[in-house]
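**Q** Each step along the sequence shown adds one to the number in the UniProt record's numbering, with nothing skipped, and position 275 is 275.
Think of the hints as simulated: they come from the structure by calculation, not from any bench.
Fair warning: this is a prediction, and the values are worked out from it, not measured in the lab.
Incorrect hints may appear among the rest.
[Stated by the list, open to error] Taking lysine-lysine and the DSSO-like style, the derived pairs with C-alpha atoms no more than 27 Å apart in a straight line are: (1) Lys201 to Lys157; (2) Lys349 to Lys201; (3) Lys157 to Lys169; (4) Lys157 to Lys142.
[As the list claims (entries may be wrong)] Label pairs and their calculated CB-CB ranges: (5) Pro226 to Ala41: 52 to 58 Å; (6) Ser227 to Leu178: 45 to 51 Å; (7) Ser15 to His295: 24 to 30 Å; (8) Asn18 to Lys46: 16 to 22 Å; (9) Ser43 to Thr271: 31 to 37 Å; (10) Ala151 to Ser87: 56 to 62 Å; (11) Arg205 to Gly147: 37 to 43 Å; (12) Thr271 to Ala151: 20 to 26 Å; (13) His90 to Thr50: 16 to 22 Å; (14) Leu178 to His90: 28 to 34 Å; (15) Ile171 to Gly337: 16 to 22 Å; (16) Thr219 to Gly274: 35 to 41 Å.
Just so you know, even glycine gets a beta-carbon here, dropped at the ideal spot from N, CA and C.
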Amino acid sequence: MATGTLPDAGQILNSLINSILLVDDELAVHYANPAAQQLLAQSSRKLFGTPLPDLLSYFSLNIGLMRESLEAGQGFTDNEVTLVIDSHSHILSVTAQRLPDGLILLEMAPMDNQRRLSQEQLQHAQQIAARDLVRGLAHEIKNPLGGLRGAAQLLSKALPDPALTEYTKVIIEQADRLRNLVDRLLGPQQPGMHVTESIHKVAERVVALVSMELPENVTLIRDYDPSLPELLHDPDQIEQVLLNIVRNALQALGPEGGEIVLRTRTAFQLTLHGMRYRLAARIDVEDNGPGIPSHLQDTLFYPMVSGREGGTGLGLSIARNLIDQHSGKIEFTSWPGHTEFSVYLPIRK
1 MATGTLPDAG QILNSLINSI LLVDDELAVH YANPAAQQLL AQSSRKLFGT PLPDLLSYFS
61 LNIGLMRESL EAGQGFTDNE VTLVIDSHSH ILSVTAQRLP DGLILLEMAP MDNQRRLSQE
121 QLQHAQQIAA RDLVRGLAHE IKNPLGGLRG AAQLLSKALP DPALTEYTKV IIEQADRLRN
181 LVDRLLGPQQ PGMHVTESIH KVAERVVALV SMELPENVTL IRDYDPSLPE LLHDPDQIEQ
241 VLLNIVRNAL QALGPEGGEI VLRTRTAFQL TLHGMRYRLA ARIDVEDNGP GIPSHLQDTL
301 FYPMVSGREG GTGLGLSIAR NLIDQHSGKI EFTSWPGHTE FSVYLPIRK
């Protein structure tokens, strides 16, 4: 290239690390740079003329709002677009601009790592704050409950009419119910019994328990990695975690039924609670239900947050605390037709 001359537009677009698409008003693809071809796992020839939504399992871009902005002569940006293709999800920053020839230029920049890191930091801070708040409130509630229950017992003994003791019985029962709720909020107060054994033993116990509850239109699939090493864990606590997640998946499927997959895999070079581990166990629970509502996703692990009518919202909060005690982590991805919870536990060797 001669000094002072510029490369043509095609060379520039082809060299960009961000994904660039030129689409028409129906979002049919007219051009895709190499980065976009890699993101969409399709060659330029196969992409040409195909509407972008037809290539994807899920695309959260607000197309209507984008069109309104472009028709008003303005650009459009959405910094948190979820794109799912072949069961792989990506978080993208999408910018749209109308070109003079009428086509729309879409620039898609990956935000997965930035979003994951910021989410983990935010969730960790929120989790600590929520846990401290809940524990403080729980202790404040538990103390007067003991006095209330004791007073009801004394009153029951002093009442001359046996019929009146039915009222004190209700007070005692409700006080016990609240105490049990508080105990669940506080979580286990004593460290569990940790053993080194295959996580598949726990998985099989969960399968045995859930299989008795499965409707005919729900299929539970086991997909285990037989090479997964044994790891140090509390079987009862991990069983509680997995049982809660699998039952949540079963309830999410509803009367329409569907499929639940319980999967184990080995994860490599993972950082958990600031420690780098060469190996970790990953346990996935995947279902093809309606997905978790977007307005619940940021607070899903908070106590008392539930997407199910009548749910206590304690199960996932307790599950996260138990996994934290194992120096692990729990995370999820969800969109319509897919929800997957992943539990990571370190393998110390």
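**Q** Run the structure past the numbered hints and jot down the numbers of the failing ones, going up.
**A** 1, 5, 7, 12, 14, 15
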